[in-house]
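Protein chains: 2
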Amino acid sequence: MNISSPRKVPEKLLLGPGPTPVEQRVLQALAQPTLGHLDKNFVAIMDETRELLRYVFQTKNELTIAMPGTGSAGMETACVNMIERGDKVIICEHGVFGTRMHDVAERCGAEVVSVTAPMGKPIDPEDVRRAIKANPDAVLVGIVHAETSTGVLQPLDEIASYAHDAGMYMLVDAVTSLGGMEVPVDRLGLDMVYSGSQKCLACPPGLAPVTVSPRATERIKNRKTKVQSWYLDLTMIMRYWGQERFYHHTAPVNMIYALNEALRIIAEEGLENRFARHRRNAEALWAGLEAMGLKLLVDYEYRLPSLTSIVVPEGVDEAMVRRQLMEEYNIEIGAGLGELKGKIIRVGLMGSGSNKKNIELFLVALGNVLRKQGFKSDISSALEAVEEVLA
Amino acid sequence: MNISSPRKVPEKLLLGPGPTPVEQRVLQALAQPTLGHLDKNFVAIMDETRELLRYVFQTKNELTIAMPGTGSAGMETACVNMIERGDKVIICEHGVFGTRMHDVAERCGAEVVSVTAPMGKPIDPEDVRRAIKANPDAVLVGIVHAETSTGVLQPLDEIASYAHDAGMYMLVDAVTSLGGMEVPVDRLGLDMVYSGSQKCLACPPGLAPVTVSPRATERIKNRKTKVQSWYLDLTMIMRYWGQERFYHHTAPVNMIYALNEALRIIAEEGLENRFARHRRNAEALWAGLEAMGLKLLVDYEYRLPSLTSIVVPEGVDEAMVRRQLMEEYNIEIGAGLGELKGKIIRVGLMGSGSNKKNIELFLVALGNVLRKQGFKSDISSALEAVEEVLA
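Here the protein sequences come in this chain order: A and B.
To convert, note that position 237 of the first sequence is 237 in the UniProt record's numbering; the numbers rise steadily by one, no gaps.
To convert, note that position 106 of the second sequence is 106 in the UniProt record's numbering; the numbers rise steadily by one, no gaps.
The set of hints was computed from the structure by calculation and includes no laboratory data.
One should not assume that every hint holds.
A pair holds if it fits inside one copy or across any two, identical chains being indistinguishable in the list.
[As the list claims (entries may be wrong)] DSSO-like, lysine-lysine: derived pairs with alpha carbons at most 30 Å apart:
#  : residue 1 : residue 2
1  : Lys372    : Lys356
2  : Lys372    : Lys40
3  : Lys88     : Lys221
4  : Lys343    : Lys121
5  : Lys226    : Lys88
6  : Lys356    : Lys88
7  : Lys12     : Lys40
8  : Lys88     : Lys224
9  : Lys343    : Lys88
10 : Lys226    : Lys376
11 : Lys221    : Lys133
12 : Lys341    : Lys226
Keep in mind that this is a model prediction, so the values were computed, not measured.
Produce the complete structure using the sequences and hints provided.
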């Protein structure tokens, strides 16, 4: 090996599905001196982080913490703690992450009843109602609030009320929504909600915020069997984040500093302002893309403000589009996943990345790159449309 | 909440069982701009990190990676991938982490045969030989190389040869040994070895290096059932760290930068130099403590160079010792765990923390704090003894 330290990492404009741009303040927090995981100064940071997480989750849930893993560890935390072997669960699948939840639940020994919708569409609440009626013995309904593979925003109100009326728990993936739009934890009484640090929270990847309703906490405390994952066992981890400070694992100390700082930035902006900014910039992006002559995958009313899926025009090689955006403009966007591979590209406007300058940069870059492949991008109209929305 | 950013974290001297002191170079690496988890610049850092991990693990194992979680996630990775429900396994328990391994293996559905030794003693290879003979259908032998709860260094040569002669796999916890002393992965053909980033590797907590022998990799590829943890499923993760770059989870990008830099520091020093330094400084600490009039928990030949357990003298309140070390000297050390709680204190000399100045600082501080409780610490003799070893 030819080691030449220290390494300099190049800066890129992260406009993909995550990780998203991380502010200098958060990177500086990450580089603060490492403390012991039981140190009183660190414990104070954990406590403040819990308070701030409750703020972004819009909840009073006592059990609100950051799990020591990436977003998928949040999904696994939700499933391993809520499911005991042999339980029946209803899982909604309208994208890669719903399908992943099905897989994770099965690995927990669950019997899974699937409710599906095509990729790019939301789940029909009526389908969930029918599944609940046909399976009154199911324990929970699992669903993805913000499907990162498609950009679909899933309405939860009706589904949550059907589930709760039947005595079931609501398990919700909020990986790409938390911090960028309302995640109605207390308003809808969602029971187990998880997210990732690297999306709208605008922190580096590595932590999975989780919040658990009092009712779900009781269920977990009263399990008949041990949680199959020792590492993600909330019955122990709640004792570490709680007053007891019971040693479980060595917390990822510096990552918690970073999350703490990222959450402080959100608190300073205020949730309502932040949601409105994400929404307004998304509207501008959508208007610009459509004015350029492009089609969006998702119908207007179900679009996520944080993530937009653009249909790749006929005859355009999307891998070349992404490569040229990176090589010529230093911009990262995301490819399609699963059956949408090659058919869509995904653009994220999250955290500080959701701003007018990035929208304009991206539209110009995309327009130029598409022109090289014969697509007649109308860049001027795109920029005018943006201006109009943000005026 | 009263938010006043940016937060400054105080610096403390970390002489506990981990986390250990993190060099400024590593903290600076942590604060480099976040890249996408599939970005070619990041992929290059992953590739170099794998090479460097092979160097510290002293192995040629293809499957050598950093798992996205803390040391306990390494233990869980080892168990969930190697064990299928109903498998019989032999687990050696001579401390809290061996007992934890028993728990984790049972949660994977294993039938566990225990081989035990008292805390502070190593496992007797003869006991393992007998357990293997009595349970020829067992799949693996799990054992802790460096028991962080006691400071015992477990000799592995005989046990590995018994296990391999019987066709079993060797699963080894090297959390507190990797980077501070030999972990004989290839020399003994250890099959599944894991560690943590925050011990002798001197990186912040949050990653679990893992290496897997070709034979164990084959076993994992040919499992009859899915790995019960999706998040830690090596059959998928090996495709992300391998040439294919198959998307699994969003890697903890900045933590990988930090691990990469910490490993570069190790490569610059050279493993042999680093092991010798850890050993020499440990000898100096032991000599100093004994000259001061203190007893060590572990017999000389089984002592870890990275972690030393000191028996709390009769009549001394160890919680007060630790509190005063922190409040008056800014030094963190560790308490006893499990049945050794209140009976020992644990002192780590790992990574850059293993140096003469820290030994002297610690001995003076400990001597003074013990004197307040009536213990007649001979500080001068302690310092002379250190000088003699390091002369």
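Next item on the list: List in ascending order the numbers of the hints, as given earlier, that are violated by the structure.
Entry: 6, 9 and 10
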